[in-house]
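Top to bottom, those sequences are chains A and B.
Taken in order, the first sequence gives residues -7 to 230; the numbers are from my numbering.
Taken in order, the second sequence gives residues -7 to 230; the numbers are from my numbering.
Because the hints were derived from the structure by calculation, they are not lab data.
This one's a predicted model, so the numbers in the text were calculated from it and none came from an experiment.
Worth double-checking, as some hints may not be accurate.
Because identical chains share one entry, a pair is satisfied inside a single copy or across any pair of copies.
[Claimed, not checked] Quick list of in silico lysine-lysine cross-link-like pairs, DSS-like style, CA-CA up to 25 Å:
| # | residue 1 | residue 2 |
| --- | --- | --- |
| 1 | K222 | K177 |
| 2 | K177 | K159 |
| 3 | K177 | K158 |
| 4 | K39 | K177 |
| 5 | K39 | K196 |
| 6 | K158 | K112 |
2 protein chains.
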Amino acid sequence: MPKGHPRYESLLYRERVADGVKAGYTSSIGLVAHGRGEAFDYLLGEKTSDYARAACEAAVAKLLEGNAVLSANGNVAALCAEEYVALSSAVNAPIEINLFYRTPARMRLMEQRFLRAGAKQVLGTLEDAEVPGLESERRKVDSRGIFSRRTVLVPLEDGDRTEYLKKMGKFVIAIDLNPFSRTAKMADITIVDNIVRAVPLMEKLAARNPKWHGFDNAANLRGSMAVMAKNLGAQQPI
Amino acid sequence: MPKGHPRYESLLYRERVADGVKAGYTSSIGLVAHGRGEAFDYLLGEKTSDYARAACEAAVAKLLEGNAVLSANGNVAALCAEEYVALSSAVNAPIEINLFYRTPARMRLMEQRFLRAGAKQVLGTLEDAEVPGLESERRKVDSRGIFSRRTVLVPLEDGDRTEYLKKMGKFVIAIDLNPFSRTAKMADITIVDNIVRAVPLMEKLAARNPKWHGFDNAANLRGSMAVMAKNLGAQQPI
Chain A
-7 MPKGHPRYES LLYRERVADG VKAGYTSSIG LVAHGRGEAF DYLLGEKTSD
43 YARAACEAAV AKLLEGNAVL SANGNVAALC AEEYVALSSA VNAPIEINLF
93 YRTPARMRLM EQRFLRAGAK QVLGTLEDAE VPGLESERRK VDSRGIFSRR
143 TVLVPLEDGD RTEYLKKMGK FVIAIDLNPF SRTAKMADIT IVDNIVRAVP
193 LMEKLAARNP KWHGFDNAAN LRGSMAVMAK NLGAQQPI
Chain B
-7 MPKGHPRYES LLYRERVADG VKAGYTSSIG LVAHGRGEAF DYLLGEKTSD
43 YARAACEAAV AKLLEGNAVL SANGNVAALC AEEYVALSSA VNAPIEINLF
93 YRTPARMRLM EQRFLRAGAK QVLGTLEDAE VPGLESERRK VDSRGIFSRR
143 TVLVPLEDGD RTEYLKKMGK FVIAIDLNPF SRTAKMADIT IVDNIVRAVP
193 LMEKLAARNP KWHGFDNAAN LRGSMAVMAK NLGAQQPI
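Chain A with its partners taken away, still in its complex shape (with noise of 0.2 Å):
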């Protein structure tokens, strides 16, 4: 892929998810959701809005108050694995694998995937829990991490899970790229940005250790919504 591309770090993304899948720790369809996360990812810029930089401070707030697990699927291993695990031990909460198209095979390579990336443990191959009410394979969780946990970090919408995780009466933070999803309205913070920008942008936060001020949520979905509106409004191609 040449460098002059004028799509070339979107183009390298999109490359390194198709390499997950052909690694195997990465499901065809999370293509699908990369492609997706592409076309919301245009309408912001391609870059973190002020409403994603205050939705990861608060996060990372939150996350700094301890009892907290990072969920992590097959797009997050291909797209930031070794980011991920810096966030990991910036905000000491575990990396659990919890995977909509899990397979034992997907499981472990998952595991070696982010052991390879330096992570001292990883959560989500025990499968002694589940999340009630959820149907998917999303509900085999590990009773260390995200059954227990009261805060959970989830990347990437999945909106049946988002809503069986409330029910359990946890605190979501999501990282999705699009506003409109049932996740993003149903999460008590979302991170309306690519995880690519928002994981290493909420490392660097978790050093100056803020502090969890409360989150209005449904105002900061606006927020980015009015970007997104904003610049389709531009009409400039991006």
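Given chain A, put chain B in place with the hints provided.
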């Protein structure tokens, strides 16, 4: 997939593309393109706007003037092969397979797919001409089709291809859910709609034998963007 799922239809079409990948005629990168389309289709409210309908009508009028060809890729084959063949008959323009990830096996599978869908003739496998300047595999075209015909229908974006088809002096009609794309900007007519809706609508419109009265593509694109911006502003989960 349960019929009551809020995203049933959308998930069904996604599965069709995934099936195309399994069958071997759709590239896995076609899943990314499909996901991107899903996002823009959310913003359209998943229905054909008045702007898209006007663009379809102008497109059909131009196609009915003759000397036209309908380009096809793996996503078209996966999503609406039968409907594309019906359009091809209705406007009396042949289908030509033109692939970015071109391999002999995919070309053969694509040809079989369209023949099975009822096509009398499928161009593209001959590979006896090139689009001057275009570097990708899409440069390989048929002397009886894309190379020599005046009007080319290109569903689903590829900015480079559109650029070089325009340099050949062709009249380019695009079907592209992304009104920001280079294709959308460079084409003479851009139908901002989902191909699963636009292609059957075009076939229906052909029966009314519309006449060409000119078309302001920039104004039409602004209209589609305004529809998306309005939906974004409505702040409803779709």
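Here is what the structure says about each hint:
1. K222 / K177: both (21 Å within a copy, 19 Å between copies)
2. K177 / K159: The answer is within: 14 Å in one copy meets 25 Å, while 46 Å across copies does not.
3. K177 / K158: Only inside one copy: K177 and K158 sit 12 Å apart there, 43 Å across copies, limit 25 Å.
4. K39 / K177: For K39 and K177, both the intra-copy (21 Å) and inter-copy (23 Å) Cα distances are at most 25 Å.
5. K39 / K196: within (16 Å within a copy, 42 Å between copies)
6. K158 / K112: neither (28 Å within a copy, 55 Å between copies)
In this structure, the one hint that does not hold is number 6.
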